[in-house]
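Student: We have chain A; now place chain B onto it with these hints.
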Amino acid sequence: MEKLVFWEVEYVLFMTDFKKQQLSYTSQKALNWYMVFEVFLKGTLFFPCEPDRGLVRVHELTPEKAGQLIWVRARIHTSRAKGKQCFLVLRQQQFNVQALVAVGERASKQMVKFAANINKESIVDVEAVVKKVEQTIESCSQQDVELHIERIFVVSQAEPRLPLQLEDCVRPEGEGDEVRMRARALGPRTTTSQAIFRLQSRVCQLFRDTLTNKGFVEIQTPKIISAASEGGANVFTVSYFKTSAYLAQSPQLYKQMCICADFDKVFCVGPVFRAEDSNTHRHLTEFVGLDIELAFNYHYHEVIESITDTMVQIFKGLRDKFQTEIQTVGKQYPSEPFKFLEPTLRLEYSEGVAMLREAGVEMGDEEDLSTPNEKLLGRLVKEKYDTDFYVLDKYPLAVRPFYTMPDPNDKKYSNSYDMFMRGEEILSGAQRIHDAQLLTERAMHHNIDLEKIKSYIDSFRYGAPPHGGGGIGLERVCMLYLGLHNVRQTSMFPRDPKRLTP
Amino acid sequence: MMALRELTQGDKKVPVLHSNNGPALVGLVTIAAHLAQEAKRPELLGGSAEHKALVQQWLEYRLTKVDGCHKDDIKTILKDLNSYLEDKVYLAGNQFTLADTLMYYGIHHIIVDLAIQEKEKHMNVTRWFDHVQHYTGVRHHLPPVVVLRNRVYTSGHH
Numbered sequence: 001m002e003k004l005v006f007w008e009v010e011y012v013l014f015m016t017d018f019k020k021q022q023l024s025y026t027s028q029k030a031l032n033w034y035m036v037f038e039v040f041l042k043g044t045l046f047f048p049c050e051p052d053r054g055l056v057r058v059h060e061l062t063p064e065k066a067g068q069l070i071w072v073r074a075r076i077h078t079s080r081a082k083g084k085q086c087f088l089v090l091r092q093q094q095f096n097v098q099a100l101v102a103v104g105e106r107a108s109k110q111m112v113k114f115a116a117n118i119n120k121e122s123i124v125d126v127e128a129v130v131k132k133v134e135q136t137i138e139s140c141s142q143q144d145v146e147l148h149i150e151r152i153f154v155v156s157q158a159e160p161r162l163p164l165q166l167e168d169c170v171r172p173e174g175e176g177d178e179v180r181m182r183a184r185a186l187g188p189r190t191t192t193s194q195a196i197f198r199l200q201s202r203v204c205q206l207f208r209d210t211l212t213n214k215g216f217v218e219i220q221t222p223k224i225i226s227a228a229s230e231g232g233a234n235v236f237t238v239s240y241f242k243t244s245a246y247l248a249q250s251p252q253l254y255k256q257m258c259i260c261a262d263f264d265k266v267f268c269v270g271p272v273f274r275a276e277d278s279n280t281h282r283h284l285t286e287f288v289g290l291d292i293e294l295a296f297n298y299h300y301h302e303v304i305e306s307i308t309d310t311m312v313q314i315f316k317g318l319r320d321k322f323q324t325e326i327q328t329v330g331k332q333y334p335s336e337p338f339k340f341l342e343p344t345l346r347l348e349y350s351e352g353v354a355m356l357r358e359a360g361v362e363m364g365d366e367e368d369l370s371t372p373n374e375k376l377l378g379r380l381v382k383e384k385y386d387t388d389f390y391v392l393d394k395y396p397l398a399v400r401p402f403y404t405m406p407d408p409n410d411k412k413y414s415n416s417y418d419m420f421m422r423g424e425e426i427l428s429g430a431q432r433i434h435d436a437q438l439l440t441e442r443a444m445h446h447n448i449d450l451e452k453i454k455s456y457i458d459s460f461r462y463g464a465p466p467h468g469g470g471g472i473g474l475e476r477v478c479m480l481y482l483g484l485h486n487v488r489q490t491s492m493f494p495r496d497p498k499r500l501t502p
Numbered sequence: 001m002m003a004l005r006e007l008t009q010g011d012k013k014v015p016v017l018h019s020n021n022g023p024a025l026v027g028l029v030t031i032a033a034h035l036a037q038e039a040k041r042p043e044l045l046g047g048s049a050e051h052k053a054l055v056q057q058w059l060e061y062r063l064t065k066v067d068g069c070h071k072d073d074i075k076t077i078l079k080d081l082n083s084y085l086e087d088k089v090y091l092a093g094n095q096f097t098l099a100d101t102l103m104y105y106g107i108h109h110i111i112v113d114l115a116i117q118e119k120e121k122h123m124n125v126t127r128w129f130d131h132v133q134h135y136t137g138v139r140h141h142l143p144p145v146v147v148l149r150n151r152v153y154t155s156g157h158h
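Sequence lines, in order, name chains A and B.
Here the first sequence stands for residues 1 to 502, numbered as in the UniProt record's numbering.
Here the second sequence stands for residues 1 to 158, numbered as in the UniProt record's numbering.
A portion of the hints provided could be inaccurate.
[What the hints assert, rightly or not] For lysine-lysine, the following BS3-like pairs were computed, each having C-alpha atoms within a straight-line distance of at most 30 Å: (1) 121(B) / 375(A); (2) 75(B) / 375(A); (3) 121(B) / 331(A).
[Stated by the list, open to error] Chain B is faced by these chain A residues, among others (derived, beta-carbon under 7 Å): (4) 359; (5) 360; (6) 379; (7) 380; (8) 383.
[Said to hold, decoys possible] The following residues of chain B were derived to be distant from chain A, with all beta-carbon distances above 12 Å: (9) 31; (10) 50; (11) 63; (12) 68; (13) 93; (14) 106; (15) 119.
Since the hints were derived computationally from the structure, they do not count as laboratory data.
A virtual CB, placed ideally from N, CA and C, is assigned to each residue, including glycine.
Isolated chain A, as found in the complex (with noise of 0.2 Å):
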């Protein structure tokens, strides 16, 4: 290994084995120009020039600033060699630019030879004039510009051999599907994910400012809980010194019980566990779940209002700051924008299930909506209405948990609701019974063990306002805003009932 010193910048340059056929050590200008260095002492990485040179965005790679003399860092995403030049696409999250490295005053047929044979993802250094561009370039995000490089530095080498090839990863969905989750590191390094993750970023900024402008507290809920929030069964049991535990289905009780604590408002974000063996494209067993509980001064529409108000902000806040998000999620995966209304629309779910009769579908007045009925009601509402999120209010009572406040002019049906987005479910609410007496009623219709819920039934004896609320899973309202068809393309790390890792 040889070392060179220079002794203006005080650092010491190792040259791997890979280059040194490729390098003429007589010249030092031609080592300059293209060279892989290793990260090496106390991990840091040294540069042959300015510490403090700046390094161009991608994106801002404009026909403004032709004819400038600039640096960028970004990966290689492919890379194409033609007699005296050498064609890169070099990518940097959802941008990419074209550039070019041809044999001239600036550079060798090696230094050409070497740029085509870095290994594809590696990250680069790239020292070039923008130059701008007759032809738009369709394949790139920066159409109208391409870099002219003069010098070219790997700064991280990727191994030869990919574990998928990122362009297999851009193709509309298909086969590529699976092998795509498994390489979950390079995953998202595609244009579309960066984009679908940014969104999804967003959208849980947009949920925490909208409702902490309308004086709502965040509270952090327990995960670890002794008894089962929403029924036994898809519960995930965890070990817990010398008892067991349950990993939390839903920050309900708690949410509730800040409520009784005079927080007035409250939400929460934070993961939720349901150990249900769905293998669907929907459901996951670990989620991101938004919950809202407030209380309210005369009728639970109030709390209706307060939600849909938040979910239209947030989908406002897409609409206007994320088109570019939105667009390259589209070339990918293409989908009809999300249209709503305002104020939202709101139907009951008797007028739901007339809809459904009267489109053929035969269903009882108090039964619960199947998944293709929800479907197609969503359908014929887009149809009649031209909205993809609405709300269905006043549910029969028969089909909702027992903590749900029953409706005081018709014993049939209850104060809850739930939100669909393009046709599915993202929220189930209701108006919470806050009457300790009422709620050990409705729970010894539904067979419920007392003992178990005693705690929670305790929790409203000393003075609850009326409350209700409702949450909403951060991964399926990405999908569906979207119009992706798997909750797993909006989870980063997705958990199933058959996936742990990564």
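Tutor: Structure of chain B alone, referenced to chain A:
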């Protein structure tokens, strides 16, 4: 005086019409055609020679392709009918004939079970079916099939 009975031929059951004047008539199409004549409604069997032949063609289709068909054949039947009915109001010619009635009875059990998405996929069959089932005296006791006025599934839907 006429009496309608059932006769077993091999593994199939066929209707037989007994009447006082004349021999017994066997077979759905035979009986239906005879009754059309008796009721002085010859137009139900077609006008010109070509028209009559076309009516017969569809009656034969009903007997050979539709009756006793397998589940896998249903798709083919719907596809055939759908492409045929793209530019036609009635199955045979420009008027209501026995072909329409018997085909309606023949595929009623298929159409009644179709999901809305399927009905929209075979739009022409659905349109023709809705038209026929509204004719007075045709539907009788058969349950009406609901047909929506507007498309609910747009082309790009999953």
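Student: The structure should be examined with respect to each hint, and the outcome stated for every one.
Tutor: Hints, verified against the model:
1. Distance check on the hinted pair: residue 121(B) and residue 375(A) sit about 17 Å apart at the alpha-carbon level, within 30 Å; holds.
2. Between the alpha carbons of residue 75(B) and residue 375(A) the distance comes to roughly 24 Å, so the proposed pair stays at or under 30 Å and holds.
3. With a CA separation close to 27 Å, the supplied pair residue 121(B) and residue 331(A) stays within the 30 Å bound.
4. Here the hint on residue 359(A) is kept, as its CB sits about 6 Å from the closest CB of chain B, short of 7 Å.
5. With 7 Å as the threshold, the beta carbon of residue 360(A) comes within range of chain B, its nearest partner Cβ sitting at about 3 Å, so the hint holds.
6. At its closest, the beta carbon of residue 379(A) sits 4 Å from a beta carbon of chain B; the interface hint therefore holds under the 7 Å criterion.
7. Below 7 Å, beta-carbon pairs count as interface contacts, and residue 380(A) has one with chain B at about 6 Å; its hint therefore holds.
8. Using the Cβ-Cβ criterion of 7 Å, the hint placing residue 383(A) at the interface with chain B is satisfied: the shortest such distance is roughly 5 Å.
9. With a cut of 12 Å on Cβ distances, residue 31(B) stays outside the contact zone with chain A, its closest approach being about 32 Å.
10. Distance to chain A confirms residue 50(B) as a non-interface residue, since its nearest Cβ pair spans about 38 Å, more than 12 Å.
11. Every CB of chain A is more than 12 Å from the CB of residue 63(B) (nearest about 29 Å), matching its label as outside the interface.
12. With a minimum CB-CB distance of about 26 Å to chain A, residue 68(B) clears the 12 Å threshold, and the non-interface call stands.
13. Annotated as non-interface, residue 93(B) keeps its C-beta farther than 12 Å from every C-beta of chain A; the closest such distance is 31 Å.
14. In this structure residue 106(B) is separated from chain A by more than 12 Å, as the shortest Cβ-Cβ distance comes to about 20 Å.
15. The claim that residue 119(B) lies off the interface is violated: its Cβ sits roughly 9 Å from the closest Cβ of chain A, which falls inside the 12 Å cut-off.
In terms of the numbered hints stated before, the structure departs from hint 15 and from no other.
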